[in-house]
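Let chain A serve as the given structure and place chain B on it in line with the hints.
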Amino acid sequence: MALDENGKRIFKVVGTRPPRPDGIDKVTGRAMYGADATAPGMLQGHILRSPHAHARIKSIDTSEAEALSGVKAVVTAKDFGLPDDESVLDVQDNCMARDKALYDGHPVAAVAASSAAIAKKALKLIKVDYEILPHVTDVDEAMKPDAPIVQTGRAMEDLPDGLSENVTYHFEFGHGDMDAGFAKADKIIERSFKTAATHQGYIEPHACLASMNSDGKGELWCCTQGQFYVRELCADIMQMDASQLRVTASEIGGGFGGKTTVFIEPVALALSRKSGRPVKIVMTRDEVFRATGPTVSSSTDVKIGMTKDGRITAAHATLRYQGGAFPCGTVQFGAQSAFAAYDLEAVQTIGWSALTNRPKEAAYRAPGAPMAIYAVESVVDELCQELNLDPLDVRLKNAAQKGTKSSYGPTFDDIGLKATLDAAKAHPHYAAPLGPNQGRGLSCGFWFNFGGNTCVSMNLNFDGTVGITEGNPDIGGSRASISQMAAEELGIPYEKVRTIVADTNSIGHNDVTDGSRVTFAVGLATIKAAREAIKEMCTRVAKIWDIDADAVYWEDGYAKPSGPNAGTFDPMSLEEIAAISAQTGGPIAGHHEVNADGAGVSFGVHLVDVEVDPETGATTVLRYTVFQDAGKAIHPDYVEGQMQGGAVQGIGWALNEEYIYGEDGLLQNPSLLDYRIPVASDLPNIDTVILEIPNPGHPYGVRGVGETPIVPPLAAISNAVSRALDLRMFELPMSPPKILKALSSKV
Amino acid sequence: MVKVAIWGSLRTATDGQSEVEVEASNFKQLLDQLAIEYPALKPQIKRGVSLALDGKIYRESWFTKINKDSEVVLMPYMVGG
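Protein sequences, first through last, are from chains A and B.
Here the first sequence is numbered in this note's numbering, starting from 1 and rising by one per residue.
Here the second sequence is numbered in this note's numbering, starting from 1 and rising by one per residue.
Excised from the complex, chain A in its bound form (with noise of 0.2 Å):
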């Protein structure tokens, strides 16, 4: 669905900043999340995780525990079937280990009783004779052909010979001459980058309660960024038609990626089935971090040859990533998004991906993005130091365009990169002063975005008023997004319209709220669901005029008579002809279903200021300014807060963020006093400058922007410490024992 003609409309309520119809019941607890749902008879289930990095389980006996009282069921990998698809058997040996615990905290039991205390008492007697492995957690450690194999026959089908087994996907992007650019390059900066993986941070821990009846029904209540996807993967595992299942979404506390997948849904179902009881599991701090998805880490070789006059001649990344003990693609979108805001004559980018004895990878905004141009944007950084370079020329001087053949292949269409690099250079961050000690950093960042299947339903009530059903958790402001889209094209007031997210019985599928879509495609179809109801609108008009329905168009909320032609009439609203709906045919509905396409790549640009205590390490971000095309902002507050959100989480994957593992391969930070994310006193006012340059793709031009904030964070803050030091850092977090060790190694 093409950009609208008149996409240069003066809008009414897209661009302005009502009220969050969440934030009253957010505020005062009333809101729902996935561990307020309760049932009658509800038991409580927890789960025993593996306290080895790497174990064979020889066996497993549950007698004790079953024979607990208050215990009503215990289940291991022996009450799971074998899906047929590889995927999803990965998700269910995620969530319950079968032949191997894979790395620490991996689920190998779980109980359902009566209280939480006994099911834990009940934990502590099921025995596992473990037969200890081997184990690695680091990407380059598990890529060594005598590394400790995790899983066996994982490989793509392409891979080279010679290689570890735990080397599983190799991806290639690139054009271009690479031994001609590098010669035509006056410097050439070769270096090498390591990030540590980090947790998306969602406040709200994965929650669920499941209810299996006896007939084979069930219902599952969750924290989810996709209810859909849940009832597959769980109807899947629980081998049940997806009819059958019912998944409805809670209010979610935050999920970046972190909630697209399952990790206690299947448990708690097959713990009901069995127990024939609701069961309900909330994780603990400790679970999460031990056994969700945290982002992959990364080892990233960069090479960039540049002109004296910074014109960038080739480029050229390796890039290895582990995403945890199950096959992982993501370095896929790492190697595909490293150089895409450059225009290149000669690029190459090689993607590696292995396992390790982490926990499975899951979705962090981005995902793959942010390490891969930390990588590239640091190489660029440290050339325009080298040539005495003003860092925004040389972005602007290679920026990619429209017309540019992209990194990854395509050429690109409309984009608002050097739109926003100039907001930058023109913006009074760029120019202001720096003290002692202090360093300014940018970096550019990128995203795909797409858009996917989406089904919206809007209803108009006898009253006037209109209703709204979508299937999409709302995960950064959609409900308000989605109403004033709606409230836009009908012509009628945002308060005329509410926004509900429904359950997988109540509309048709909807993928999961990732790849910034969920304001591009459910705005998409909210706005041809409102175009089928304005139509049936007109329709019923002209029968009550007479005249013909191409007479009649609508306008601000009314129904027109298109000119001196089709007659006098007056004007009829949306509240008149809702009135007497009833007597002109029945309830006026629009509903729109499609996989929308054409989402739009997004590009921002990311100021930093910083300050680095020489005595303790310690860095303070003083100033930060995003700069990022949203096409068109339909509610900026949200915008900005995206922009904000990004910003603050790269923050803390930049300075402090990572998963630590011993030499034992346990994980040894799995809390929030040791996994230290970014609080408010850490943190000065992130600044925000809104691009719009239209999405051709969208009716209102409006492209993602949950995600392109958190990529480029990492390179930014890291080239201001390093001006502020004089000194390159290349390893994340930059935290204050790693920058006090950079310290002492250069003196």
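To be clear, the hints were calculated from the coordinates, so they are not data collected in a lab.
Any given hint might turn out to be false.
[What the hints assert, rightly or not] Below, simulated SDA-like cross-link-like pairs (lysine to any residue); rule was C-alpha separation at most 20 Å, straight line:
hint : chain 1 : residue 1 : chain 2 : residue 2
1    : A       : Lys144    : A       : Pro134
2    : A       : Lys397    : A       : Leu89
3    : B       : Lys46     : A       : Ile189
4    : B       : Lys56     : A       : Asn595
5    : B       : Lys46     : A       : Lys121
6    : A       : Lys121    : A       : Thr284
7    : B       : Lys46     : A       : Asp90
8    : B       : Lys46     : A       : Ser87
9    : A       : Lys194    : A       : Asn595
10   : B       : Lys56     : A       : Phe412
11   : A       : Lys194    : A       : Asp90
These numbers come from a predicted model, not from an experiment.
Same frame as chain A, but now just chain B:
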């Protein structure tokens, strides 16, 4: 005939060619034809691919029309967070 750009590591399945030509007027025909003419592409097509048509990325959409002069790029199936 439609020219289809193949990403680097997939070229082992197309005899090293970075661009192949197949007879197709929509995505389904294109994928079917690729699988017939280059059987080694089948595992990746089964795992999932996206297609970029004149710069716009499509994840599925079998019946999207392809013009003879369109730029078509085979890409891995996109996911997000």
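Inset, instruction - Identify every previously stated hint that the structure contradicts and give their numbers, smallest first. - result: Hints 2, 3, 5, 9 and 11 are the ones this structure does not satisfy, whereas the remaining hints hold.
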